[in-house]
Amino acid sequence: MWSFYVTAILLALSFFFDRSKTKKALLLAFKKFIFILPSFLIMLILISIILFLFPQEKIITYLNYGSDMVNIILAALIGSITAVPGFIAFPLAGILREHGISYTIIASFTTTLMMVGTITFPVEATYLGKRVALIRNVIGFIIAIIVALLVGFYFGEIAL
Amino acid sequence: MKKSGEKKEKRKNSLNRFMYLAVVLIYFIYIIYSYIFQISSGIEMGATLVSFVFSMGKILPCAFIIIGLFEVWIPREKVEKHLGYQGGLGGYIWAIILAGTMAGGLLVALPVSSALYHKGARLSVVFTFLGASAVVRIPMTLFEASFLGVEFTALRWLISIPLIIISSYFLEKYLSKKKFVIK
Numbered sequence: 001m002w003s004f005y006v007t008a009i010l011l012a013l014s015f016f017f018d019r020s021k022t023k024k025a026l027l028l029a030f031k032k033f034i035f036i037l038p039s040f041l042i043m044l045i046l047i048s049i050i051l052f053l054f055p056q057e058k059i060i061t062y063l064n065y066g067s068d069m070v071n072i073i074l075a076a077l078i079g080s081i082t083a084v085p086g087f088i089a090f091p092l093a094g095i096l097r098e099h100g101i102s103y104t105i106i107a108s109f110t111t112t113l114m115m116v117g118t119i120t121f122p123v124e125a126t127y128l129g130k131r132v133a134l135i136r137n138v139i140g141f142i143i144a145i146i147v148a149l150l151v152g153f154y155f156g157e158i159a160l
Numbered sequence: 161m162k163k164s165g166e167k168k169e170k171r172k173n174s175l176n177r178f179m180y181l182a183v184v185l186i187y188f189i190y191i192i193y194s195y196i197f198q199i200s201s202g203i204e205m206g207a208t209l210v211s212f213v214f215s216m217g218k219i220l221p222c223a224f225i226i227i228g229l230f231e232v233w234i235p236r237e238k239v240e241k242h243l244g245y246q247g248g249l250g251g252y253i254w255a256i257i258l259a260g261t262m263a264g265g266l267l268v269a270l271p272v273s274s275a276l277y278h279k280g281a282r283l284s285v286v287f288t289f290l291g292a293s294a295v296v297r298i299p300m301t302l303f304e305a306s307f308l309g310v311e312f313t314a315l316r317w318l319i320s321i322p323l324i325i326i327s328s329y330f331l332e333k334y335l336s337k338k339k340f341v342i343k
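Here the protein sequences line up with chains A and B, keeping their order.
The first sequence finishes on residue 160 if you use the numbering used here, and the numbering steps up by one all the way, no holes.
The second sequence finishes on residue 343 if you use the numbering used here, and the numbering steps up by one all the way, no holes.
A few of these clues could be false.
[To be verified] Here are the simulated lysine to aspartate or glutamate pairs, DMTMM-like style, with alpha carbons at most 20 angstroms apart: (1) K21/A <-> E169/B; (2) K24/A <-> E231/B; (3) K23/A <-> E231/B; (4) K58/A <-> E204/B; (5) K21/A <-> E204/B; (6) K279/B <-> E332/B; (7) K279/B <-> E240/B; (8) K343/B <-> E332/B; (9) K32/A <-> E231/B; (10) K130/A <-> E231/B; (11) K130/A <-> E332/B; (12) K31/A <-> E332/B; (13) K241/B <-> E169/B.
Hints in this document: simulated from the structure, not taken from any laboratory.
Computed from a predicted model, the values in this text were never measured in an experiment.
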């Protein structure tokens with residue numbers, strides 16, 4: 001809710017100092033919003049279909065116990081297509097941890113969850129173009145694998 | 161040569177638009193149909209759609225208004241000085257601080273990054289900002305640390321941030337040879 005107050009205060013200040021500038025700002029905001037609206041709509045449609053086809057709680061139970069490369073990549077793939085927000089994913093990750101799933105796998109899953117967005121891809125491609133959006137997501141995937149390996153090494157789950 | 165290319169582009173665009181309208185139309189017809197004839201799959205999808213519209217409706221208008229205010233109030237020179245080529249390493253640090261304190265994740269970070277770019281932020285700083293907005297958001301990080309431990313979270317930060325900066329730098333280098341612009 002604080003974002004609402006911050007916006008209101010900034011808007012009021014702007015209006016106080018310069019009315020025409022504020023009007024221009026609102027017009028710009030509206031234009032930018034309209035620009036991205038079609039991609040947002042496609043994204044929302046995708047989310048609703050994916051959440052229906054693959055219920056999120058179930059997806060997470062596919063995470064495996066082993067910390068070998070196959071499981072790391074599997075966890076990364078699951079994280080890439082999952083759309084759960086952090087406030088659901090992290091408590092779940094905490095539960096998984098208690099059930100003995102390794103830090104390696106959790107790191108792989110949560111990092112791709114945050115860095116790779118299959119569902120947000122239409123929106124990202126609208127701003128960056130398909131090619132660069134794809135490159136950025138692949139980089140995110142690779143970074144997640146590196147993070148998982150180093151986390152595993154640090155916690156002694158992976159031996160060199 | 162150029163003209164036929166344009167024509168091709170135009171045809172591709174109108175085809176894309178047609179596909180887009182078809183997908184949206186079929187989807188909504190299915191949802192409405194499901195509500196009328198009580199088909200659970202469509203009702204469930206419709207409910208998800210509505211809940212996401214509401215949760216995004218709370219944050220997106222604010223985000224776009226702040227972006228609009230940024231566009232009219234912040235002078236280009238300021239952005240160039242701190243986030244542009246003159247900014248040096250400081251630009252990356254600013255990008256990470258900005259990303260860490262921002263709400264809304266990638267969907268807010270994308271229009272913000274577009275605004276920064278058009279005000280003169282260099283590409284590698286913009287990509288660092290986008291990458292960081294995924295991994296270092298402070299409210300989310302606190303949450304993560306409380307469930308997985310401070311050690312885990314600190315480690316994840318320490319590894320991912322340098323990798324994000326390095327990869328953003330090389331992505332900028334790679335794109336500088338192409339005609340790349342952020343919309």
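Q) Taking each numbered hint in turn, which are not upheld by the structure, reported in ascending numerical order? A) 1, 5, 10, 12 and 13
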